[in-house]
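Engineer: Respectively, the protein sequence lines represent chains A and B.
Taking the working numbering, the leading residue of the first sequence gets 1, the next gets one more, and so forth.
Taking the working numbering, the leading residue of the second sequence gets 264, the next gets one more, and so forth.
Everything labelled a hint here was simulated from the structure, so no lab data went into it.
Owing to the predicted nature of the structure, the values given are computational and were not obtained by experimental measurement.
C-beta atoms are modelled at their ideal positions from N, C-alpha and C, and glycine is treated no differently.
Stretch by stretch, here's where chain B covers chain A in the computed footprint (C-beta under 8 Å, at least three residues): (1) 81-93; (2) 148-158.
Capping the alpha-carbon separation at 16 Å, the derived lysine to aspartate or glutamate pairs in EDC-like fashion look like this: (3) B/Lys302 <-> A/Glu57; (4) B/Lys394 <-> A/Glu152; (5) B/Lys302 <-> A/Glu152; (6) A/Lys110 <-> A/Asp187; (7) A/Lys239 <-> A/Glu120; (8) A/Lys179 <-> A/Asp246; (9) B/Lys302 <-> A/Asp59; (10) B/Lys302 <-> B/Asp285; (11) A/Lys208 <-> A/Glu141; (12) A/Lys110 <-> A/Asp188; (13) A/Lys239 <-> A/Asp216; (14) B/Lys372 <-> B/Glu346; (15) B/Lys394 <-> A/Asp73; (16) A/Lys239 <-> A/Asp187; (17) A/Lys110 <-> A/Asp216.
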Amino acid sequence: MTIRPRTPSLFRPRKPIDQGVLTENRKLIDDINRRGLLRGAVSLGALTILTGCDVSEVDSVQKALRAVSSWNDGVQNAIFRANHLAPTFSPSRVMKPPRFNAYYPIEDVKPVYGATWTLELGGRIEDKRPWRAQQLYALPEQEIIIRHVCVEGWDYIGQWSGPNLRDFLQRVGADLTAKYVYFICADDYTESVDMPTALHPQTILATKYAGEVIGDPFGYPLRLRTSTKLGYKNAKWIKAIEVSNDFRETYWSERGFNWYAGI
Amino acid sequence: MHWINATAIFIMIGSGWKIYNDDILFSFLRFPDAIVIGKWAQYGLQWHFFGMWIFVLNGIAYLCYGIVSGRFWQKLFPISPREVFVTVGEALRFRLRHDDLTHYNAVQKALYLGVMAVGVLIVISGLALWKPVQFSELANLFGSFQNIRLVHFLCMTAIVAFIVVHVTLALLVPQSLLAMLTGGPPIDNARDAAPSAAAPIVPEIKPIPEIPTVPNIETSH
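When you get a sec, could you build the whole thing from the sequences and use the hints?
Structural biologist: As structure tokens, this is what we get:
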């Protein structure tokens, strides 16, 4: 058998370690028994308990962790495939009703009154005239049956339809070279997505779920639904859309969740 | 590299448990707050997506070094199933020896190779979990999103089991800890040439005379 030439580690000492210590302590090593194993296991357990204290909240640590989170925003933006479509599913796999998610429980949802509701537009948009529900509901619809992935780990298949966001932004003369699209919601929630996500073919302003007008808990009369972001990025009960080049923190990013939140 | 990896694994497992608790896979399993990293979900996530860089970059450097230097080939091969069975038998009877730190026994070889494979799989499943749409081709191989979570979880379980055995045995053979810090003694090539002949895996056990509870240190100098 041929042996490859040895390439020792830089840190490896020139002289061999004296293995005499093994011979000298032979008896001790031979004496290793179940009791020793047990003792070792117990002290290992004790070590893990020491991690109970939380250093995440210390200012400098939190600052560093958020810096890494921002770096991850950039990485996610770099690997984003603008025209790569998320998997779609057959209507038979759609969950009805959809699963609720918000920063409060479903009982606390304050329904939006559709008859008086308007969608305000702001920022780098030419035609800022507000939209009424029936005008929006009259726009051409696109349907997507996609997976909703929550940051917590659960997922379900949902069937959403409504105007395509890219089409809508073009229709109102939005600056498509701007960096961000912001959504301000009736429940004081704020959310924003990067422009490439806003222009993705599977990003819509959803008005319907499984062919029927969206229920109150799920964002009636208008919500965002994009196939390339985690659940919390999909703003519900939208009351204003703004196109901007300035970065502002949003509800969850302010609280330490990743802003980009791409999937 | 080992200690960077140990730190990264510690961060990844602790924060992973925190993330798991937000939506549990098994109704009987929820990790106690005392042993998770991050008081709130966002802290757990922040640690996880910070630790992943250390784990992946260090892991890539380690695998490249091991392959390019020939170290893996030298230390982990050849590996025969028969040897693994013999060594497992000896270990269960508490007759395992670790006379020469530069030579791994068959079970060590199998476990180190196995844990490296699990390490690669946990990264792949993690990538599919993080980017099921951008890497949908990869994610589809797992069948469903919850399957990816399950694979990621089982890899973690395997690594935790490995760590328990690994740390216990390292503590039982304290000299190995020194070797881990210094890089270890040079490898004796002569023994590599014919490992089975020159170094029987299990040396014959001689009857042990009276065992003093504390070894006499004085006489050893």
